[in-house]
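J.: Chains as they are written, first to last, in the numbering used here: chain G, 65 to 224; chain P, 65 to 224.
Be aware that one or more of the hints could be misleading.
Since the list can't tell identical chains apart, any single copy or any two copies may satisfy a pair.
[Claimed, not checked] Calculated pairs, SDA-like style, for lysine to any residue (alpha carbon to alpha carbon, straight line, at most 25 Å):
id, residue 1, residue 2
1, Lys214, Leu137
2, Lys114, Pro152
3, Lys214, Arg70
4, Lys214, Asn151
The set of hints was computed from the structure by calculation and includes no laboratory data.
Number of protein chains: 2
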Amino acid sequence: MDSDIRNGEVSVPLPARMDAEVVFIGRLRTPWKDRADCPRQGRDDGPECKIEVDATWRAGLAGLEAYARLDVLYWMDRSRRDLVVQNPARDDRLIGTFALRSPVRPNPIALLNVALVRVEEDGLIIRGLDCLDGTPLLDIKPNRCEFSPKAVAKPIGEET
Amino acid sequence: MDSDIRNGEVSVPLPARMDAEVVFIGRLRTPWKDRADCPRQGRDDGPECKIEVDATWRAGLAGLEAYARLDVLYWMDRSRRDLVVQNPARDDRLIGTFALRSPVRPNPIALLNVALVRVEEDGLIIRGLDCLDGTPLLDIKPNRCEFSPKAVAKPIGEET
Numbered sequence: 065m066d067s068d069i070r071n072g073e074v075s076v077p078l079p080a081r082m083d084a085e086v087v088f089i090g091r092l093r094t095p096w097k098d099r100a101d102c103p104r105q106g107r108d109d110g111p112e113c114k115i116e117v118d119a120t121w122r123a124g125l126a127g128l129e130a131y132a133r134l135d136v137l138y139w140m141d142r143s144r145r146d147l148v149v150q151n152p153a154r155d156d157r158l159i160g161t162f163a164l165r166s167p168v169r170p171n172p173i174a175l176l177n178v179a180l181v182r183v184e185e186d187g188l189i190i191r192g193l194d195c196l197d198g199t200p201l202l203d204i205k206p207n208r209c210e211f212s213p214k215a216v217a218k219p220i221g222e223e224t
Numbered sequence: 065m066d067s068d069i070r071n072g073e074v075s076v077p078l079p080a081r082m083d084a085e086v087v088f089i090g091r092l093r094t095p096w097k098d099r100a101d102c103p104r105q106g107r108d109d110g111p112e113c114k115i116e117v118d119a120t121w122r123a124g125l126a127g128l129e130a131y132a133r134l135d136v137l138y139w140m141d142r143s144r145r146d147l148v149v150q151n152p153a154r155d156d157r158l159i160g161t162f163a164l165r166s167p168v169r170p171n172p173i174a175l176l177n178v179a180l181v182r183v184e185e186d187g188l189i190i191r192g193l194d195c196l197d198g199t200p201l202l203d204i205k206p207n208r209c210e211f212s213p214k215a216v217a218k219p220i221g222e223e224t
């Protein structure tokens, strides 16, 4: 947990009660054991990493082999959540949290678009991760640009 | 809540305890009051919609005016979460949950990339939403392709 506040940063009180709960469905396996070692943004020419999917959810991978790219959502479990204005460059430029892709945000959900290398029995081999080894997985979605809805002509609002 | 299971769909038990909590930071205001009316995927030529941001978090919008597109994460609070294999076309094609962009998934977090029209005092006017009026907001991020890290040359893994 990074607990220091930089010059000009604004902390707000988090509500006593949260609104909904998430379940961790797997873990991201990367070469990086320390935040200082993580690349700032994942790159397609980065190392192969693994998305380990828990046994309960593995049947949900069926069909992903058709996609070249995926959206991956993960939980940045070491980030503080109370800063609404940040000072990322440690200078006099203050920037709103929603205008940054910093892990510090009210809901520390990271979003990466990664290249799929192959589907394995217990997960996916991908390139483009940037996070610590062991980071909790929230979701995997097929790349929006490659995806077309599978449902029949819209009777109910089924797919986004 | 859509509680019917279609032919071949597979339900799994959700864990008794979840792993982390999210906070709703605002609401999405759209013209659609019923799921049947929502478009299946948001379009840039769709109607202007509003992202209402709660007062606590509004200072976090500063700087977003520099971006043409945004990633918006929201919580699909009416979706069941226990299906790992789905039958979106109501035929014999079964597809894993992670190979769909269906709202039915273990963590019902939707991800949209939308066009920013303007920043207002209490939120954002955008195009490209597809969800029900009143849907809870989780996060706003600047578009990855337009964004470059604001921090100084990487000493610690600060931004994703």
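J.: Each of the hints needs a verdict: does it hold here or not?
T.: Against the structure, the hints:
| no. | hint | result |
| --- | --- | --- |
| 1 | Lys214 x Leu137 | both (22 Å within a copy, 22 Å between copies) |
| 2 | Lys114 x Pro152 | neither (29 Å within a copy, 28 Å between copies) |
| 3 | Lys214 x Arg70 | between (48 Å within a copy, 14 Å between copies) |
| 4 | Lys214 x Asn151 | between (44 Å within a copy, 9 Å between copies) |
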